[in-house]
Amino acid sequence: MKNRFAAITLLMLFATILIIYYNMHSIHPTRVRISTTTSLYATGLLDYIAVKFRELYPDVEIQFIPVGSSAALRYAERGDVCAVFVHEPNFEKKYLDMGVIEEQKIFAFNYFIIVGPREDPANISMAIDVVDAFRRIYSAERESTYFISRGDGSGTHTREIYIWKLAGISPTDRPWYKECGCGMDQALIIANELKGYTLSDVGTYMVLKIRGRIPNIEALYNSSTDIVLLNIYSGYLAKGCRGIERRYAELFLNFIYSNPDIVDNFGVNEYGVRLFYSARHFDGDIRDLWSKLAGIG
Amino acid sequence: MKAMAEIIDTILRSIMVSGVATLMASLWSIPLAYLFVFRNRGSVFIEAVIETLVGIPTVLLGLLLYILFSSSGLLGFLGLLYTPQAIIIGESILVTPLIISISYRSIRGIAHLYYEFALSIGANRVQRMRLIVSQSLPGVVAACITGFSRAIGELGIAMMIGGNIKGYTRVMTTAIALEVAKGNFEEAIILGIVLLLITIAISIAIKLISRVYVA
Chain A
1 MKNRFAAITL
11 LMLFATILII
21 YYNMHSIHPT
31 RVRISTTTSL
41 YATGLLDYIA
51 VKFRELYPDV
61 EIQFIPVGSS
71 AALRYAERGD
81 VCAVFVHEPN
91 FEKKYLDMGV
101 IEEQKIFAFN
111 YFIIVGPRED
121 PANISMAIDV
131 VDAFRRIYSA
141 ERESTYFISR
151 GDGSGTHTRE
161 IYIWKLAGIS
171 PTDRPWYKEC
181 GCGMDQALII
191 ANELKGYTLS
201 DVGTYMVLKI
211 RGRIPNIEAL
221 YNSSTDIVLL
231 NIYSGYLAKG
241 CRGIERRYAE
251 LFLNFIYSNP
261 DIVDNFGVNE
271 YGVRLFYSAR
281 HFDGDIRDLW
291 SKLAGIG
Chain B
1 MKAMAEIIDT
11 ILRSIMVSGV
21 ATLMASLWSI
31 PLAYLFVFRN
41 RGSVFIEAVI
51 ETLVGIPTVL
61 LGLLLYILFS
71 SSGLLGFLGL
81 LYTPQAIIIG
91 ESILVTPLII
101 SISYRSIRGI
111 AHLYYEFALS
121 IGANRVQRMR
131 LIVSQSLPGV
141 VAACITGFSR
151 AIGELGIAMM
161 IGGNIKGYTR
171 VMTTAIALEV
181 AKGNFEEAII
191 LGIVLLLITI
201 AISIAIKLIS
211 RVYVA
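Chains as they are written, first to last, in the working numbering: chain A, 1 to 297; chain B, 1 to 215.
Calculated directly from the structure, the hints in this document are not laboratory data. Computed from a predicted model, the values in this text were never measured in an experiment. In this text, a Cβ means the ideal position worked out from N, Cα and C, and glycines have one as well. It cannot be assumed that every hint is accurate.
[Claimed, not checked] Cβ pair distances, simulated, as ranges:
1) A15/A - E6/B: 28 to 38 Å
2) L74/B - D288/A: 50 to 60 Å
3) E218/A - L23/B: 34 to 44 Å
4) P171/A - L27/B: 49 to 59 Å
5) L53/B - P171/A: 34 to 44 Å
6) R287/A - L23/B: 53 to 63 Å
7) V44/B - R4/A: 51 to 61 Å
8) Y22/A - L53/B: 44 to 54 Å
9) D285/A - F185/B: 14 to 24 Å
10) I189/B - R118/A: 35 to 45 Å
11) K292/A - L27/B: 54 to 64 Å
12) A201/B - S125/A: 49 to 59 Å
[What the hints assert, rightly or not] Straight line, CA to CA, 20 Å or less: simulated SDA-like cross-link-like pairs of lysine to any residue:
13) K195/A - P84/B
14) K209/A - S72/B
15) K209/A - I67/B
16) K209/A - S70/B
17) K166/B - I161/A
18) K195/A - T83/B
19) K166/B - W176/A
20) K105/A - R246/A
[As the list claims (entries may be wrong)] Rough simulated footprint, nothing fancy, chain B against chain A, three-plus residues with beta-carbon under 8 Å:
21) 57-70
22) 149-156
23) 181-188
Given the sequences, and given the hints that come with them, work out the whole structure.
This is how it looks when you write it as structure tokens:
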């Protein structure tokens with residue numbers, strides 16, 4: 001009995017030492033937490049950049065918290081993160097005015113696309129512009145074609161509502177209009193299952209497409225000239241973040257901004273197309289467009 | 001006002017979906033629990049498996065069912081994906097091990113307690129079983145209540161195979177997750193409190209009703 005007791009005590013002691021040892025060796029000097037919109041994170045862009053950054057600053061660990069744009073900004077407001085990466089200009093404007101975030105860096109952009117069933121019953125691939133495409137979806141003869149709305153107040157959702165407003169129609173009470181209240185990947189998967197239309201950012205769509213998760217739907221409408229479909233990603237520092245963490249967060253933001261090749265080349269080998277475009281070469285223009293987008297929604 | 005109506009709608013759907021799921025699960029779980037006690041075969045192995053399945057991650061179960069129900073899946077032709085029925089099926093599977101495990105324990109305890117007593121007063125086999133069944137009912141009811149709270153509080157299945165579609169498959173937990181994603185932490189907390197209060201109220205109601213029947 002006594003022996004058994006001693007053995008258990010020894011075992012627990014050993015386990016404790018092991019845990020302490022493990023923790024001592026996994027602690028890094030500086031941890032910078034950044035909340036980010038899921039679309040940036042899910043494509044793998046941020047991890048890719050963080051690895052490159054780590055080569056220059058091996059002592060810094062950048063940790064990403066992937067949430068929706070609005071939640072990401074709330075985290076910044078509460079002082080839980082040092083920086084945010086988001087794509088929701090009208091929300092960003094609000095938080096900038098509130099003084100929660102500062103030092104905007106527009107570092108990348110891409111486009112929203114309309115995806116839908118390959119047969120394209122609403123014939124949106126013939127649309128002259130995005131508003132026309134939405135009108136076609138609205139007036140399509142339907143048996144079972146749905147429109148999947150994010151319904152989560154995200155950047156993509158805000159944009160979708162804005163396009164409906166431009167088209168002068170309100171689909172929310174229609175039976176074919178489904179609000180899933182979900183992330184982009186889930187919305188695409190639902191659209192794939194129900195053979196419906198949805199508005200998506202090109203990055204998330206490509207990733208799921210290449211992985212063969214959404215075989216029933218295709219990108220049916222895209223346009224690189226339509227400002228309404230422009231998707232702008234910005235990075236901000238949180239005002240509540242100070243000291244060495246803030247310095248590194250700033251370094252990280254500058255690192256992304258000043259290395260346009262990293263953003264431009266990301267995913268080209270893997271997906272065959274560019275998922276993100278660096279905003280650096282279009283600085284003035286894109287800032288104007290951002291301000292325009294911040295005024296909508 | 002419209003938002004209020006939507007919340008009430010979501011609450012009612014939650015109660016309906018989880019209630020039906022729990023009722024369905026108890027249909028097969030309770031007889032199984034009695035069977036395990038009375039047959040008393042392979043009990044260690046079965047116990048271990050069932051007790052492990054109690055803690056199955058809901059997203060894992062959700063994912064498995066999604067693969068099964070998706071249009072390219074084995075049961076895709078049923079068209080169940082993203083319907084309330086799918087959530088009911090998922091949750092009933094989820095709570096099955098829980099209800100079996102808890103009621104098994106209480107029935108076994110009662111059986112131990114009353115078996116010899118019943119023998120000593122000369123009860124026959126049917127009478128013995130009736131005694132054990134009637135005495136173990138409170139424990140079985142408690143198992144069902146636990147199953148109900150697990151079903152109404154789970155997120156993974158409702159999210160994955162329900163799809164959180166507004167006005168159709170949105171339940172309390174997916175609504176909370178959505179508010180959190182929107183950054184509306186306050187609304188999420190209010191919804192969470194409502195969820196807890198409802199679950200507590202329903203548990204108390206069931207306990208009171210069952211007390212009247214048992215006594």
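Outcome of the hint check:
Range check, A15/A to E6/B: about 50 Å between beta-carbon atoms, so the 28 to 38 Å window is missed. Between L74/B and D288/A the beta carbon distance is about 53 Å. The supplied range of 50 to 60 Å therefore holds. Distance hint check: the CB atoms of E218/A and L23/B are about 43 Å apart, consistent with the given range 34 to 44 Å. At roughly 41 Å, the beta-carbon separation of P171/A and L27/B lies outside the given 49 to 59 Å, and the hint is violated.
Separation of L53/B from P171/A is about 43 Å and conforms to the stated range, judged on CB atoms against 34 to 44 Å. A C-beta distance of roughly 59 Å is found between R287/A and L23/B, which places it inside the suggested range of 53 to 63 Å. In this structure the supplied range 51 to 61 Å is violated for V44/B paired with R4/A, their Cβ-Cβ distance being about 23 Å. Range check, Y22/A to L53/B: Cβ separation about 31 Å, and the 44 to 54 Å hint is violated.
In this structure the hint that D285/A and F185/B lie 14 to 24 Å apart at CB is violated, the actual value being about 36 Å. Distance hint check: the CB atoms of I189/B and R118/A are about 43 Å apart, consistent with the given range 35 to 45 Å. For the pair K292/A and L27/B, the supplied restraint of 54 to 64 Å holds, since their beta-carbon distance comes to about 59 Å. Take A201/B and S125/A: their Cβ atoms lie about 53 Å apart, and the range 49 to 59 Å holds.
Among the hinted pairs, K195/A with P84/B is consistent with the structure: their alpha-carbon atoms are about 19 Å apart, no more than 20 Å. With a C-alpha separation of about 15 Å, the suggested pairing of K209/A with S72/B holds against the 20 Å cut-off. Taking the CA atoms of K209/A and I67/B, the gap is near 17 Å; set against the 20 Å cutoff, the hint holds. With a CA separation close to 16 Å, the supplied pair K209/A and S70/B stays within the 20 Å bound.
Taking the CA atoms of K166/B and I161/A, the gap is about 16 Å. The hint holds against a cut of 20 Å. For the proposed pair K195/A and T83/B, the alpha carbon gap of about 15 Å is at most 20 Å, so the pair holds. Straight-line distance between C-alpha atoms of K166/B and W176/A comes to about 12 Å, which keeps the hinted pair within the 20 Å bound. Between the alpha carbons of K105/A and R246/A the distance comes to roughly 15 Å, so the proposed pair stays at or under 20 Å and holds.
Remark: the segment 57-70 of chain A is confirmed as covered by chain B, as 3 of its residues place a Cβ nearer than 8 Å to a Cβ of that chain, reaching the required three. With a threshold of 8 Å between beta carbons, the proposed coverage of the segment 149-156 of chain A by chain B holds, since 4 of its residues qualify and at least three are required. Remark: the segment 181-188 of chain A is confirmed as covered by chain B, as 4 of its residues place a Cβ nearer than 8 Å to a Cβ of that chain, reaching the required three.
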